[in-house]
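Given chain A, work out where chain B should sit, using these hints.
Note that the protein sequences, when read in sequence, are chains A and B.
Residue numbering for the first sequence follows my numbering, beginning at 1 and increasing consecutively.
Residue numbering for the second sequence follows my numbering, beginning at 1001 and increasing consecutively.
If you're looking for bench data, these hints aren't it; they were derived computationally from the structure.
The model shown is predicted, which means the values in this text are computed figures rather than measured ones.
Just so you know, even glycine gets a beta-carbon here, dropped at the ideal spot from N, CA and C.
Incorrect hints may appear among the rest.
To be verified - Estimated spans, in silico, between C-beta atoms of each pair:
id, chain 1, residue 1, chain 2, residue 2, range
1, B, Gln1093, A, Gly127, 53 to 61 Å
2, A, Glu2, B, Gly1167, 48 to 56 Å
3, A, Trp259, B, Asn1121, 23 to 31 Å
4, B, Lys1294, A, Phe3, 48 to 56 Å
5, B, Leu1064, A, Leu95, 31 to 39 Å
For reference, the chains in residue letters:
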Amino acid sequence: MEFFLVQSLNGVSYGLLLFMLSSGLTLVFSLMGVLNFAHASFYMLGAYFAYQVSAKIGFWPALVIAPLLVGAIGMLVERFGLRKVHRHGHVAELLFTFGLAYLLEEAVHLIWGRAAVEYRVPAELDGPLFQIMDSQYPIYRGFMMLVSVAMLVAIWLALTRTRIGLVIQAALTHPQTVEALGHNVPRVFMLVFGGGAALAGLAGVIGGNAFVTDPGMAAAVGPIIFVIVVVGGMGSLAGAFIASLLIGCLQTFAVSLDWSLGGISISQAAPVLPYLLMVLLLIFRPKGLMGTREG
Amino acid sequence: MAHPVIRATACAAAAVLLSLGAHAQTIKVAYIDPLSGPFAQTGEQGLAEFRFAVDQINKRGGVLGGRKFEVVPFDNKVSPQESLNQLKRVIDQDIRFITQGNSSAVAGALIEAVNRHNERNPGKEILYLNYAAVDPAYTNDKCSFWHFRFDANSDMKMASLTTWMAGRKDIKKVYLLNQDYSFGHAVRKAAREMLARKRPDIEIVGDDLHPLGKVTDFAPYVAKIKAAGADSVITGNWGQDMSLLVKAGRDAGLDVDWYTYYAGGLGTPTAMGEAAAGKVKIIAEYHSNVENNKASKWDADYRKQAPKGNPDFYFLRGKIMWEMFAKAIEQAKSADPKAVALALEGMRHQGDLGEVEMRKSDHQLIQPLYVFTLHKAAAKGGPKEAKIDMEGSGLYPVTDARLEADTSAQATSCQMQRP
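Looking at chain A on its own, in the form it has when it is part of the complex (with noise of 0.2 Å):
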């Protein structure tokens, strides 16, 4: 029991910051069909920037401040590259943003060195928060999982009950009314970019320092984010909610499992499930959990 609680607990919280990453990438994918691989670079831009100004004025600045550094340089991504690259179509915008990848982890060694950075959880947050049985339940474990929270009532709100998030809800389905009434779109294509970019860089500020801040953890979070917008469905905010956590929970209880299927545990395999399950949905349910359009 107490183990299952704490599976639950550590799958949940893991779903979550599962779900601050694709967000901003599923966001992005449904207003401007840039299927966006930079964006893990900007998780790990969030957590160095972060660090660095944690190591200035702490982390509770750092928080707020990171983010929007994050969110400034995505929105100068949009104007100054991606805009002009969206007329050559597609193709051209992925190609953009997988050398912006590149870009983005050579500056990173650049600047920060090869080797993991001294990213600590604030004192405040580090310790248990609660113990089930004779298990502790971390602090920051706990605020990850408020961040995300709040964070998914944020967008929500946002997007359905201010006048831009109608507006950019409009722009999805309908850019040229949209700008027929007079709304510039471009500019509403740059902010949903710059949001993207920030709701990553948010997650950096919490995941680089729950786990590790180095030049990698860009490529090691990468895939993950990617299966996550697919089984949810391209372009669909609750999928993705969704598609976190059971991935989340998925990559968890596998690992407990010790039951083995000609030679290979459950448990060795538990990394690759997710991958497993965006195949076979692929296969049988192309458009996602919750997509709407198909393929």
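This is chain B only, laid out in the frame that chain A set:
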């Protein structure tokens, strides 16, 4: 005006003479390891230390009355295929010595390629100095006359580690967690066999493999270790797989001792942070706070000029390798790989921490090893020996035990084919 053909011949002859002259001056050693990609920092660490070692030897006047060493880097991106491409370049540049350490998969490919090359090109042999690839096979059934290993192989490290563990009666339940590839498998197999022999009362309460470098969240593994009731974990994990595991353990309040090979690897102490203090143990041939350290001046000198990302002196075996290599060249009175190999075989050498021997039967260096624990600084409650920390992480290595060279020596199945 000279005839064009004569002029061309003269030029060619001059070029040949020049290149011969250059060879007479320097002995080049190709360093084939990752210098880009995710493992680049590890590759650069070895390169920086070897360049330092070579500088010291060159400053003393080199070998054979003034010939200097030069380390020439070749980036293999830890890929066996790419390593073979780089080996071709090495051969094209007429470099006769190679050294490599990261990844046993690469080492296997190189041993085979070197064997084949040497068989087909007598008089142009290549000699391979392995400073870190620890798959036991390369000094057992896959041994080669042209391969010399200066690191203790993974079975030898496990032998020393389990000998020490056998004396600790508080160890009762051990969990094995390793990366799912040849090295992880070797660690797990050796741990099971040796513990069963030396401490049959120890219960192995779990034995898991996880994919190499693909796990971000180790909390589920930690929950499993906890549920199994383990008091110790043996792991061959390195890099991020090592640091994330220890951090996840501390977050969940897991109270175990970690018995590791590579928790001291570059970047890992920083990433683990104080989560590791008092808990993480390492089996290796050196740490900076070791007792009666004759390499302490070398260590300090290295630190003074160390590149930014590689602040610590790590590879004592690298220092030993260069010293023995230089000595072998002097003894052979030649930089011919075959003569050097014959001189290296069976060589005894006074290392900084005791005598070492390059065993003739399998070309495996037999050396003393240490079990040590990472502690907090003496001022923060750590032991008084905690003087130098690893890469400024606040983690200070302090010896638990020295295990003499014969503890780790294993029988070999090698049947050496000498040319």
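Checked hints:
Distance hint check for glutamine 1093 (chain B) and glycine 127 (chain A): the Cβ-Cβ separation is about 57 Å, which falls inside the suggested range of 53 to 61 Å. Against the hinted window of 48 to 56 Å, the Cβ-Cβ separation of glutamate 2 (chain A) and glycine 1167 (chain B) comes to about 33 Å, which falls outside the hint. Checked against the hint of 23 to 31 Å, the C-beta distance between tryptophan 259 (chain A) and asparagine 1121 (chain B) comes to roughly 53 Å, which is inconsistent with it. For the pair lysine 1294 (chain B) and phenylalanine 3 (chain A), the beta carbons lie near 50 Å from each other, so the given range of 48 to 56 Å is met.
Here the CB-CB span from leucine 1064 (chain B) to leucine 95 (chain A) is close to 54 Å, at odds with the stated 31 to 39 Å.
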